[in-house]
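Protein chains in written order, with the numbering used here: chain X, 1488 to 2391; chain C, 125 to 294.
These are computed hints drawn from the structure, not numbers from a lab.
Among these hints, one or two may not hold up.
What the hints assert, rightly or not - In silico BS3-like cross-links for lysine-lysine, where the CA-CA straight-line distance does not exceed 25 Å: (1) C:LYS276 to X:LYS1699; (2) X:LYS2298 to X:LYS2256; (3) C:LYS130 to X:LYS1699; (4) X:LYS1619 to C:LYS267.
Stated by the list, open to error - Some, not all, of what chain C presents toward chain X, calculated at C-beta under 8 Å: (5) HIS138; (6) ARG160; (7) ARG242; (8) ASN283; (9) VAL288.
Built from N, CA and C at the ideal position, the CB exists for glycine as well.
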Amino acid sequence: MATIHIDGKPYEADPEKNLLQTSLTLGFDLPYFCWHPALGSVGACRQCAVRQYRNEEDTQGQIVMACMVPAADGTRISIEDEEAREFRRSVIEWLMVNHPHDCAVCDEGGECHLQDMTVMTGHAYRRFRFRKRTFNNQYLGPFINHEMNRCIQCYRCVRYYKDYAGGRDLDAFASHNHVYFGRSEDGILENEFSGNLVEVCPTGVFTDKTLKTHYTRKWDLQSAPSVCAHCSLGCNTLVGTRYGGARRILNRYHYDINGYFLCDRGRYGYEFVNRPERIRHPLLHEGAHDTETYSKPETCSADVALKEARIRLRRANRIIGIGSPRASLESNYALRSLVGEDNFFNGLPAAESHLVTVALEILRHGPVRSASLREIEEADAVLVLGEDITQTAPRMALAVRQSVMRTPRETARKLGVPAWHDRAIRDVAQSDRGPLFIAAIDETRLDDVSTAAITRAPNDLARFGFAVARALHPEAPPVDGLSESDTTLARQVSDALANADHPVIITGTGLGNEALLQAAANVAWALLRCEKPAALAFVVPEANTFGAGMLDGRPLREAYDAVSSGDADTAIILENDLYQRTHDVDVDRFLGGLKSIIALDSLRNATTDRAHVVLPAGTFAESDGTFVNNETRAQRFFQALPPEGDIAESWRWLGRLAAGSAPSEEPAWKYLDTIIDAMVADYPELRGVRDAAPSADFRSNGARFPRSPRRFSGRTAIHAQFDVNEPSPPADHDSPLSFSMEGSTAVPPASLVSHYWSPGWNSVQALNKFQEEVGGANRGGPPGICLIQPEKNLHPFFTEIPATFRRSGEKFVVLGLPHIFGSDELSRHAPALAERIPHAYVTISDADARARGVSEGDQLVLRIFGREHKLPARIRPKLAPGILGIPMGFPGHAGLVFPVDGHL
Amino acid sequence: MFSMLKTLWLVFKHAFHKRVTIQYPEEKAYLAPRYRGRIVLTRDPDGGERCVACYLCAVVCPVDCIALDSAEDRHGRRYPSTFRINFSRCIYCGFCEEACPTYAIQLVPDVEMAEYNRQDMVYEKEHLLINGQGKYHGYNYYKVAGLAIGGKAKGEAENETPPVDPKSLF
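Generate coordinates for the entire structure from the input sequences, incorporating the hints supplied.
Right, here's the structure in full:
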């Protein structure tokens, strides 16, 4: 620790940090623009000027940029110095020379860093009498609105987009006071993380286009802490709502997971919450099982629906419950308790269910730790085995992209360049990147920063992984018949991993290959045997896949068998469209064999269309619950929107169903805490869920934490068209949050933060006040509890090495290709995101295309299970021959379980 | 004795004073133009709605009696799709008028807003929007704002230079 003097007072400081970061951490209001905790310093905006003195005697000092000076021991600065203040005020005045008179119609207004800084420096009156320069805007796609006039040339956008996120299509153009930030021509921003520009831009140049369609100021958004429902990483989000609809998603800082950034699926996938295909009332559906007499479902009251469902359950011979990896842990548990252990199925196809079990077993009984995204970001060697993480777990790809800078940073550190000095580090690094090895079936979006990227068939990827493990440790099983080049590369990978201080292995269930998981585990275990603190990151398909897996349900196949073998005749299907999971012939047979189907879901789908009773489940925005992410971290999400009408969390519906026949009877679980307690009692492994967030009776100075900002407007007019007497705000018995602007003003525990605001800091940068130190851990520790901790004991290596891939005759192996936009069942209903979904296609290797005379774009007829899929061909030079790929989960061929055999 | 006579004299003198009481409603009281009475939404000199749905009136309102929701026309001009004032809560403080960056919301000298039914004091946009500029004439927010809307492209606002071509060198 160092001691620095600010305005004559001594403070403790970290000499590894710069003066700006230190001053902000100490609570000083020092204005800045170009500096960002995740992007480092470049000293471009000249806003954070302070006066630095050489020593105690020095009274003159000099003006320096706080972001470019280390907080070294004995540093003396003055923030309050008159000349420094004048300097900062004039910088703002220059910036405002061309800034348009737009605040009233600007989406950033009210949460604008430029507004905050202008007020902070005291600039109030425009003295410049000449004309303002203007720019034309560009169309940047469905996510981002461009309003270039508002730019203050801080360069944060290109530094984030190009340097941090690896984008190539946003740049700075022209010179002097004409500098323009945009694309070379109008078009969609290609990068998967473009949405973060909204938060990175300190003013209103890049704003959220989906918010623009239902614009609400930050102070009017009733928000709650939530967890992204669109992949397994569990990024923390803030869901902003107004007038009964979700209006936007903002990043909620989680030190160990998403940090400052989200992917575009997480940010823009929320709009499905507001869609007309939402189920908002219970539906009764006579003759639903008989497709011939398909009738329109009729809406009914909750009591009628529950009565009907209870009658059907009473008449049932055997009730089976089908859970879901996209429903919360509580809902799955509620279903399991309702139908009983023997009748609970986890809602996953057999193959996927098996893979999830294998992955969980590796984490439970193996000695290796599950890597958080922060650990991946700080890893100095990464091996990605099989999974196309940009498409299945996008935020992880952004973390991997940062990991390659770790080695150059270390080089720079040895040269005396501080870690925050971004410009200097990039000058030192040039094109030098740390080790990143990607083994995938085809090119991935991370290949540009990889040390080496190989493409093989899934089995051969696994064999490559096993070979790496073998090269690391002689006890690992040998791989026979590996090609010369693969052996060399495996040696190279193993050397890089063995030389690293924090190697991370990433794999996933995306290719449906068990051996890949085992190979990755072998590599990690081999590294541990070499005394390297290796970590393993599994990517699973959905937000609560691991949660559903931890409840020991059996796969869908067995549920289908339970019906075809005759004894089960009633099913409760929890937030699961079976037509997305398994082949429609199987689903038809299964649903057709049931006497009663009770479905709970939030969006209308093929399964709910065939249910006799449909109960309207809440989406993530209307629900309280827990998701278990890919590192088995249990994280709580809270209602941002009081459920409208009959909508309720699935666990609440199931509790009412379990209660018995009288409508007045108490449900089995009245509150979230009751069901969590019941669950933890049944599953000691899940005990961490209880501590994932404070329980409902948690109070701060006797008060709840408000969901609405203090300046929430319109309280006495918002419902006045119905009744001039204001209704009392909805009660919340499940969380320590209130649906109100009243309550505690203290900084809440990180899992309960519902908006970032601090006096003088209206923009997202108010986050500084919610961290232990600026850019550091969340105050009070990052939210969530990892449920599985590694075993101390070493685990014997997996020894079953798969045979190398050989195509059999004319048959192809068809693999599912995940897509960030389109493969996720819920987010593809969001209109903005839907614009980014590509048309379905089939990828074919160069060799196969030549052999069959196929050229790019030709319509190919692919036969799978006797059904023809007509798709345009995309020729991929790096794809292994004998393999075809089609997008996962796209309409028309959803429900295929990959890998599957196909014929052309 | 003297004070009683003095009081009588004062009362008698008052009989010849000018009368303050007027026979309302037959006779109307004079209200100054700046009187804070009924709230209206005005139009700009071109007849367009002045309100740009910036929510500043709503947020400044101490009794939170203004609720609106924004919408945008095809050309990017923002307007309130709903605008509601609950006059049974309004305290006529005029903060909304002060906060309004476009002179859209104005308090006018009209106090005849009494109702028998409190529910009738909830005014929607159709009750608030008038066909005129109210007290402040000549101001058109979009003429000074940098945002392009239908009929006004970039660089066409007051005090603006034509748009820069970023692909040129200087």
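Checklist entry - Given C:VAL288 was flagged as interface, is its beta-carbon under 8 Å from a beta-carbon of chain X? => result 5 Å, holds
Next on the checklist: Restraint: C:HIS138 near chain X, CB-CB cut 8 Å. Satisfied or not?
Outcome noted: Hint violated; C:HIS138 Cβ to chain X Cβ min 44 Å, cut 8 Å.
Next on the checklist: Hinted pair, alpha-carbon criterion (25 Å max): X:LYS1619, C:LYS267. Please report holds or violated.
Outcome noted: 13 Å, holds
Item to check | Interface hint compliance - C:ARG242 to chain X, C-beta minimum distance less than 8 Å | outcome: Since the shortest Cβ distance to chain X is 5 Å, the answer is holds.
Checklist entry - Straight-line Cα separation of C:LYS130 and X:LYS1699 no greater than 25 Å? => result Given pair C:LYS130, X:LYS1699 is violated - Cα atoms ~73 Å apart, limit 25 Å.
Next on the checklist: For the restraint on C:ASN283, tell me whether the closest CB of chain X is nearer than 8 Å.
Outcome noted: 5 Å, holds
Checklist entry - Given the proposed pairing of X:LYS2298 with X:LYS2256, does the C-alpha separation stay at or below 25 Å? => result 60 Å, violated
Checklist entry - Is the hint on C:ARG160 kept, meaning its closest Cβ partner in chain X is under 8 Å away? => result 18 Å, violated
Next on the checklist: For a C-alpha distance cap of 25 Å, please report whether C:LYS276 and X:LYS1699 respect it.
Outcome noted: Measuring from Cα to Cα gives roughly 20 Å; hence the hint holds.
Violated hints for the displayed structure, listed by number in ascending order: 2, 3, 5 and 6.
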